[in-house]
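Here the structure of chain A is known, so what remains is to put chain B in place on it, guided by the hints.
If you read the protein sequences in the order shown, they are chains A and B. Each residue of the first sequence is one higher than the one before, counting from 1 in the numbering used here. Each residue of the second sequence is one higher than the one before, counting from 1 in the numbering used here.
Hints listed in this document are in silico derivations from the structure and should not be mistaken for laboratory results.
Same chains, same names: a pair is fine if it fits in one copy or spans any two.
Calculated cross-link-like contacts (lysine to any residue; reagent style SDA-like; alpha-carbon spacing at most 25 Å): (1) K287 <-> P214; (2) K215 <-> E225; (3) K215 <-> Q273; (4) K351 <-> T252.
Since we're looking at a predicted model, the values are computed, not measured.
2 protein chains.
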Amino acid sequence: MTTTDPFPVTGAWMPGDPAGQRQFFTFAIDRRFALDSGATLADVTIAYETWGTLDAAGANAVLLCHAWTGDSHAAGPAGRGHGDAGWWNSMVGPGLPIDTDRYFVVCANVLGGCQGSTGPASLCRDDGMPYGSRFPVVTIRDMVRAQARLGEHLGVARWMSVIGGSMGGMQALEWAVMYPRRVRSVVPIATCMQATAQQIAWGGIGRQAIRLDPKWRGGDYYEAEPGDGPGVGLSIARQIAQVTFRSDNVLTDRFGRDFSGRPEVGDILGMWQQYEVERYLEHHGTKIVRRFDANSYLAIGKAMDLHDVARGRGSLEQAMARVRMPTMTVGIWSDMLYPVYQQQQIHDAVKRNGVPSEYHEINSPHGHDAFLINGDQIAEPLDRFLGNISKSVL
Amino acid sequence: MTTTDPFPVTGAWMPGDPAGQRQFFTFAIDRRFALDSGATLADVTIAYETWGTLDAAGANAVLLCHAWTGDSHAAGPAGRGHGDAGWWNSMVGPGLPIDTDRYFVVCANVLGGCQGSTGPASLCRDDGMPYGSRFPVVTIRDMVRAQARLGEHLGVARWMSVIGGSMGGMQALEWAVMYPRRVRSVVPIATCMQATAQQIAWGGIGRQAIRLDPKWRGGDYYEAEPGDGPGVGLSIARQIAQVTFRSDNVLTDRFGRDFSGRPEVGDILGMWQQYEVERYLEHHGTKIVRRFDANSYLAIGKAMDLHDVARGRGSLEQAMARVRMPTMTVGIWSDMLYPVYQQQQIHDAVKRNGVPSEYHEINSPHGHDAFLINGDQIAEPLDRFLGNISKSVL
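Chain A extracted, bound-state conformation (with noise of 0.2 Å):
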């Protein structure tokens, strides 16, 4: 069952629009979908959205997996229901490494989530309210196999690349492992194969930031008036998260330590002036309250934090052993979230089964998010990949 945008945006869209057009696909609609939590959710739908056509043996199809509060709108301009342009404008595209002219490519809004796929805020079929403290606990597997699903119903039967960054790289690499006849080929970016203790601190303490501020109600907050939800609390979360996606060097080029001239909200006696490093902060949260939705980030926070190739597959090397498809693996050097021998982890264990691995080192000092900003670095190989892949016999 597809839908058409519930959400347009006022302006004429045009046919061919390179900014693609946003779509949904609802499933189990018969029979439940079955999580790994064993819940299991009714009426699942995901938001997606395609770029290029997909060819006559549907063999060019390439999978793009966003990060935590990403969408699915990775190319184009912002509007139609997007207030940002697409996050990887660089990457997608006609000309570019994910070339629209050559591939067909569908990114799609994770399960979860709060930009058109099911997540906390969709309402249950059960009594038409929102989920909100009801909604299960999902996995990255869980995101995968709704994936899988649209994948199907898209007619696609194996994707040529399953690429993402970050969380992103979680699913491709559990499209690798749970799919390996689905997936040609995997491009993990500056991501692991098991969440670390110290991804789990900075996730768990943001979550704790969420669930202190009094308009969380529990979870429950979905009648509140516009404004009125928990968005201090969501500012922190982000805000702890953003320090980790950037740098010490960065930050300190960048802001050092100026005032912003204004008061530290909060500060009784007006003392205590605002660093710009702060206000920056204070941006980034104000701008995540504005676009995403506090459950949905405690959600799919908690899917990273559960990441773990390995669970339930004997061990780590057992479940990298189903890796079989050529990988292309990407590490920034001043990533602080997910630091460079994680992703040379992945590499090894690709390349100890004897399996094709190319491992890539973006250098720049942006830390994490730098898969977004330098995502240039790696153009000219991944552009060389995909098209050794395009070329390789199905």
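Frame of chain A; chain B shown alone:
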């Protein structure tokens, strides 16, 4: 004016107890104490402990400066109002590098603190009520000025050495710059000349978490029932700091992806099992709430963010040109909060002026906290450094 400990612990205190005895010095009784902010305080009390004996020449005095949530109890067992054993027991005592048989060792709780020195929880002379939200911003320099008054009170004309890690190192540096003729040597450890944007970022986010707690009550929560203060917010702030005090590797080695066997706090479905690293952080959060005042946490954190030896002194070079005494700077290779380049900058700034300067690095995976955990690694150089200073001509 010296008073005795108002919080005696039941049990016999033995004269000569190596824990020392917490004492209290109060100044600014007749004339108010002016702060950097322009505000003034009356009846400023500083809680302190001493070990050893000041020699006849007044030449063997060592000042220890504690870190964020530390206090005057640098050495000795728990008890006598101290829930924990001395924070530098491995370094301070008879026959140890900071040898209490040879040196007269002093450690004072900082201005703004909550372990006996005047801070937000203290009673304001004007109305006999806790300062709460009325407590002014204090700076590292204000803390040092209060310590200078204490030094005069104790008859210490010149400190043989001023030693401290983290915020304690900020104080040591300010001592060197503010009172170069009252300090014969300084030992700044795991610290910096100017708080960086990243340090400010972490500090500012933690403060937001405290303020989000509705039980913070704008800073005026001292009339609340015990346990009804801003404990959740303070716990979150502390957990953020705790992650930055450690390292990715150590968290992985110690906790990995182990589950704690408990549900995640605030999880309505009881399906979000807590990870062991989350339980560890929660433990540290709970511990700080029992022993530390949230407003002191705010005040001291802001003092660190404001730390800048260059402020009002023309330039960093001009400020550091005042450091004319031998300096032993210590870094920790795994410190992500105060990376070693910051200590190397101190060393270089001192050396550049032709002043004797040593740099030592603690080879520990434990991150920032290694100055407490692996202090023994600098035992030998510190012993030698202090021995040389003690033998030098006054």
